[in-house]
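Heads up: the sequence lines are chains A and B, in that order.
Just so you know, we're using the numbering used here here: the first sequence kicks off at 56 and counts up by one.
Just so you know, we're using the numbering used here here: the second sequence kicks off at 56 and counts up by one.
Heads up, some of the hints might be wrong.
Note that identical chains are pooled: a pair holds if it fits in a single copy or bridges any two copies.
[To be verified] Pairs of lysine-lysine residues, derived as DSS-like cross-links and limited to a Cα-Cα distance of at most 27 angstroms, are as follows: (1) K329 / K307; (2) K134 / K331; (3) K329 / K308; (4) K308 / K189; (5) K308 / K325; (6) K189 / K317; (7) K220 / K57; (8) K189 / K331; (9) K329 / K304; (10) K317 / K331; (11) K331 / K308.
Bear in mind the hints are in silico, worked out from the structure with no lab data behind them.
Spelled out from the first residue to the last, the chains are:
There are 2 protein chains.
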Amino acid sequence: MKIILDAMGGDNAPAAVVEGAVQAVAAYDVDIVLVGREDEVRACLRECEAAENERISVVHAPDVIDMHDDPATAIREKKEASMTIALRMLASGEGDAVVSAGSTGALLSGATLIGKRIRGIRRAAMAPVLPNEKYGAVLIDCGANVECTPEYLLQFAFMGAFYSKQILGCPEPKVGLLNIGTEDTKGGELQKAAYALLQKASEDGRIRFIGNVEAREVFSGNVDVVVTDGFSGNVLLKGIEGTALFLMKLIKKSMMRTIVSKLGALLVGKELRKLKKLFDAGETGGTPMLGISKAVIKAHGSSDARAIASAVRQAKQFVESGVISEIEKHIDDMKTA
Amino acid sequence: MKIILDAMGGDNAPAAVVEGAVQAVAAYDVDIVLVGREDEVRACLRECEAAENERISVVHAPDVIDMHDDPATAIREKKEASMTIALRMLASGEGDAVVSAGSTGALLSGATLIGKRIRGIRRAAMAPVLPNEKYGAVLIDCGANVECTPEYLLQFAFMGAFYSKQILGCPEPKVGLLNIGTEDTKGGELQKAAYALLQKASEDGRIRFIGNVEAREVFSGNVDVVVTDGFSGNVLLKGIEGTALFLMKLIKKSMMRTIVSKLGALLVGKELRKLKKLFDAGETGGTPMLGISKAVIKAHGSSDARAIASAVRQAKQFVESGVISEIEKHIDDMKTA
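Based on the sequences and whatever the hints tell you, model everything.
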């Protein structure tokens, strides 16, 4: 298994990406190609004492796509950027997956342009996994498609369900439509039309649709795939992140308030730190772009080495799971007519 | 000050509403009219040993609007329901505010139909306050209007800013547009057009617009009013609720894991319970419907007596703040042309 890493993507590139690559080859039995400015990348490898690591190779890319580039045109305009070259290598079969912590928009348009969508899939979607006490819940889409049609949402439902089954191990994923109430009359035109499509697919036995779900239900374990447009999904995902951070900060502060609570904090600290990992991008790794014909994983922009290594592990798992061929096999089930 | 309470609204009506009324008159120097089935309401008053309380009166309403009624038509069809009569009394000046824990949709359409919108306001909006370490952040809209125009959002911005100033005490509220990125090109057509309107109003000195804000920023204290359509706002609000509940549950569980952590839990428990109140509907009280020409406050459906009393306190504060006349006075500032 060979993973292509965009060495220049993310806030801490290339150092964190290179260090993550070194950690990943040691831990997960993968080969890695680092794509980026060769001198910088090799300097980082020397820093990690990995200049001679035979599982890591370097491909030179003179240019970098950064946050100031227009995501829609960056890939076309910067043909020699690390992300562009990484995706071209993936398309031509020089590796099994691309991992990048760079611009989400550029990676998405690049994946579509160079990696290509699976035949029959209208739009690729970002599908992070929210923690719960069961298999976790796939949230699809969470930012790739601001404006969606009911058909996109139907396809997201299927893709999310295959991901839940093949990667999270949920035997029969329950799919819910994100809405502002559970009645089938809730929401706008998009939700009402998507509801009807999902209901029909469910009646035909093609998917297991449980109806509308409210945002407060996503952690309940009663829903395995939460389907929504990229705008609401992004708002939900970032709202969750913000709430968890705010609450953890307040907890820390309130525990430091009295001598008694400080003592208590010492005693509960170990357990709480384990908990923090649940909402930690560094632990959960990257977000797959579902609907692309090759494995493309977006790592968090703020990824440290550990987060990059997690994303590599996730890329490997994604390739091995066969979720792409499952989507390809069932493309006719997602037809609307 | 006389508050009209829908005695039959909410999961725990009428007992919790009546008990809340008794608590409120004792604590907040208000008179209360309980509207509902007189025999049931009087029985509850006797339970609370408040049958002779001279600050509490009862108005009989034979009918009840429940969750099975269509929100759009319930008020028109059930003319003798407690909510309908409460709103009619408000419109005719028999009280200063209505508080109801009943159907949100019915209360909103009733408030618009009977209470009337402020002249020039296109749509009323629900505006709950999210906790932060400064004044709190007004989230407007959070469910009243699934489909919005840019003009609605502009008006929400102004109404939210007056609420933040008059009620939360924020001297110069910073208004942000909820979006999936901070660049002005982000979002769909609605966000782009609303951004332009808000930017113009800001340049004219009519409002203080700080640009797009992502959902993870709502607790930062850097934004005092978060403007969005009712769909995304509802998703965000319920996502926050769900995350806080899930996290609190996990914390409790993780603290019970070992003898050491159990002991620690005893020591930090008191401080954590204080924290829990921040996200507790019972503490924060109700949500005002901004844009209506009279004070209408929606209490949470699951309100207990304490939550009802909080909502009464909030209704009183809302009336005293003069936020409605501030909105009326500045209606020309909200013009789009």
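- Query: So which of the earlier hints does this model not fit?
  - Reply: 2
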